[in-house]
Amino acid sequence: MRTPGTSRPGFGGWSTRTIASVFVVFFVLFFGIPIVWLLLATTKSARELTTGSPFAAGSLGGLRANGEQLFGFQDGAVIAWIGNSALYAAGALVIALIAGIPAGYALALTRFRFRRLLLVLTLIVMLIPNTALVLPIFLELSEVGLIGSPLSVILPMSFFPFGVYLTYIYFSTSISRDLLAAARIDGCHEFQVFSKVALPLAAPIVALVAFFSFVQSWNNFFLPFVMLPASEGYPIQVGLTSLLASTPAFNPSSAGTQSVQLPTLALATVVSVLPVLIVFLFAQRFLVAGLTAGGTKE
Amino acid sequence: MTTTEAARPAVGTRRWAGRAHPGGSGSAMSYGFVALYAALTVAFGVLPAGYAFYLAFTDADGAFAGLANFAKVTGDFRFLPAAGHVALYLVIWLVALLVLVTALAIVVHTIRLRRVSSGLRLIFYLPGALAGASSVLLWLFLLDPTASPIGALLRLFGLASFVQVIVPGNLPPVFAVIAFWTGAGGWIVIMYGALNNISAEVIEAARIDGAGRWQIAWRIQLPLLRKWISYMAIMSLAAGTQLFVEPQLLSQASNAIVPNDYSLNQLAYQYAFQQNDFNGAAAISLILLVIALALSAVFVLRGGLFETD
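Protein chains in written order, with this note's numbering: chain A, 1 to 298; chain B, 1001 to 1309.
Isolated chain B (complex conformation) (with noise of 0.2 Å):
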């Protein structure tokens, strides 16, 4: 109640928290405020890693194994294709999303009208509402040709039955498709966000200096986004590596005719759920888990755009 203590507080917490109270210190008190995030942190964060860790390196007996789980699933004759068919359709993935989100952002962005302008995002980002199970439900409908709203259009393609719609071949571009419909929304408004924060000035400098619209978007703003496309790109990046729900569903649909070990994902849930190796599937998760891990560090360490202090 001092005023030596009112005028403080801008400086340092650490020290006037602690003297403020006499009975308990602020430091114990922060320690309560983040105990039970932090046991949950532990609990499925550090715990859950370090056990993959374990597991991996370790056979059926808890016996050190070295490279050995490794070397079984790599080996695995179903390895290299699930990895072939996640890596093609992260490809097709982030390139569509990368591309058409900015586009579609900053198309979004240059219309005045305010209503039009929102109403527009809101259609984008509506179809989000719908992820998981239900969003791959809904595009069984719209490639079965047979009900689909744009039936005529897959026969225009040749694709008269779902069945030939959901070749192998096909598969990375219809995930592809799926994905994008359902997240592409979020990351328009971010971007959107984003180009509002550009300050108008620069652009007004611009244009007095003769820049067209193609100008303005392709030299300033797509500079000035690259921040948030690099951040978009390794999200999906490391989302993407995950991939389970779709094929999941679509082996279910198409009575095996896709595959039921068609991602890594679901090849580590063969593993541990089929045949009863949970190592070989620690094995794979932590594969996983690396490189999301990896790509989030270098995000992170890099992007600069958490600092932390």
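Excised from the complex, chain A in its bound form (with noise of 0.2 Å):
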């Protein structure tokens, strides 16, 4: 993958080596610093955070307190969210793969009408915008009486014609058709010849597909704000803006029993993204290729 040596242009001149690196720490402080205060204010009271210096950690007992704080808020209201946000993401995630892994098999593969019609709008619609079917998506599920419920949020985000394509490209250029065409020899049916041979061999790409509809469907806010009326059914990240909407710091009106404080707040951010920041560094290497592999098909 990566040519050593000679072949990468290293810096020539001292003024453009300084230049480079200035320009290289200055963006890795923009990107990391943000992160690092974050974990860090999760451990501290709101006290010390606004006082104490940035980069100072707090204590565990503040990370405990914070802790008590938010998951006590409403009566435990941010486990439900979670729990919602989980259910929602695997529901999606897994009808997008028994949906999506077979189309981008079939399209990449065999011949059929409208495959071309199908490959077209795959392609049109992945360049759509998340957001801009949201509005028309809850008219036509409010027609059907489902704007509330679960499946309101799940059907749409299981509709994912990236892991389509991504499938499909995986198959149109890495799968040798003798190989199946050996495994119809012998006797396999056409779902064998997927689910025995194919299948199996594209384990790697299952993988990836999962892992981006995860991350897409966790980290939804327009679709679930839209679709889901009352706070039981939230996700985490819509239910973020009830606690921001209960944080004295940011809305002085909300000042009451249930105010949250600015750490019990950043440890919320953090306890929002936790799964997906956990996946992201156990398979950086992983979704680099993939992101790669979706990007450069050559």
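There's no promise every hint is true.
[What the hints assert, rightly or not] Derived coverage of chain A by chain B (criterion: at least 3 residues anywhere in the stretch with Cβ under 8 Å from a Cβ of chain B; other residues may be distant):
| hint | region |
| --- | --- |
| 1 | 43-57 |
| 2 | 104-116 |
| 3 | 133-146 |
| 4 | 190-198 |
| 5 | 208-221 |
| 6 | 235-244 |
[Claimed, not checked] From the derived model, a few chain A residues whose C-beta atoms are all more than 12 Å from chain B:
| hint | residue |
| --- | --- |
| 7 | LEU60 |
| 8 | GLY61 |
| 9 | GLY62 |
| 10 | ALA65 |
| 11 | GLU68 |
| 12 | PHE71 |
| 13 | GLN74 |
| 14 | GLY76 |
| 15 | SER174 |
| 16 | PRO204 |
Keep in mind that the hints were calculated from the coordinates and are not lab data.
Positions of the beta carbon are idealized from the N, C-alpha and C atoms, including for glycine.
Join the two chains into one complex using the hints; note that each chain is given alone, in its own frame.
Put into structure tokens, the structure is as follows:
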């Protein structure tokens, strides 16, 4: 993948090198500082957060206190929201895989009427931003009476053309047709060819599609914000707005019994992305390879 | 199980897929494979687009309304400011994205130490995990001088309070910074991959011809990245038109100093859920959708990146 040594032009002059270093260091700080600060903020008390040094750590006791406040908020609403997020993201992921992987396979390796139409639709819809169709989908689902039910977010999120595109690219470029033909000759049905030969080979791409679908669903804001009227049904991303509304530092009118302190809000931010963050860290190499494969198809 | 069949497979799958299965044809099987996905495409791609189209051209009673809905929403006193906010945000964000992502990818690509270069990519990429409301929430902290780790920097610019930071004039660059922080890393990774695809001989030849580091970047790498840069520009442009979560949260956090109809998507939301005017909302949605679709179409037709066969 990488060509070491001579092919890689290094920096020539001293001044060029300095400029490049300053440039990179600046952006390391820009991308890195907010995350470091956020993690530290979760361990501080409200007082420590505003008066102490920004990069001093708080204490484990502080973290525990923030945790108690966060998970005590509205009798454990945060736990319910995380549960909802997990349900929606997992539901969408399962349907996206069941629908998308065979579709990518059929588009790549078989010929049928409407194949081209479906491919073109996939490409176009893939390029339409997620939020663009949210209001029309709301109207459509309200016609069939699904608004407020978990299905109103799971079903639209399970439509994942990018996953189909990745699968399609993978099956059209990386699977030998001879292999599939051999399986057919050995008496496999078309479905067995798919499930016993193609699918095991495609395991990495299935995992990649699952990951992207999960992250996209977990982080989705506009769709559940529109579809779900009641707080009990919120995923954590939408629940964050309830926490924000109860934070006196940002919303002075909210100072009441349920008020949320800044460090608690910081902890909520970390908790809201923790599943994604963990998978990101563990799957980084794999993801980078996948992103590159999705982008550079050659 | 015959030799003729064994010799065939590489040639068009259509013919032999049908022949290999006397019972059910391969083509029928294909329909089974795509059925669920095709249904989802219709339900959540084609139908909503069609429905938005229908609503945008009818009135509340379902009668044909011509362009009345479009006239109404574009004539709304909130429409032009909202469109202006989105446009200004897009310009700042796109320029920053194109210039900085390309530059960062090229610089990181020149680093020979593998650990350093992949470590840098991870640091750039990690904020992508904090998308949606989470990243906006984090930036609310960063922009509040009392709690921010860069409070000193903000005060240096004469910004002593959160309210001063989020005056309307500052918002387009503020949203651009949030979007860049969250999204740039993924693009840097893609650009880096594209740079890896440039053949080593080309670079080597240029160097032998006496090209310096700047010339290689400017005359060779940049032109060869053009396809990717335009890809990034169009995807980002289409996505950026949909600005919603940033102003929505900021509006909430600022006690409505930032209006809740700051962006076009918010305005569409207001039409639908505050005014119960779904036709007006559909008209705005359709305008946004047409812009996104037009950009995608240009890309699919002219980009040549997604050959379908």
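Would you list, in rising numerical order, the hints stated earlier that this structure does not obey? none
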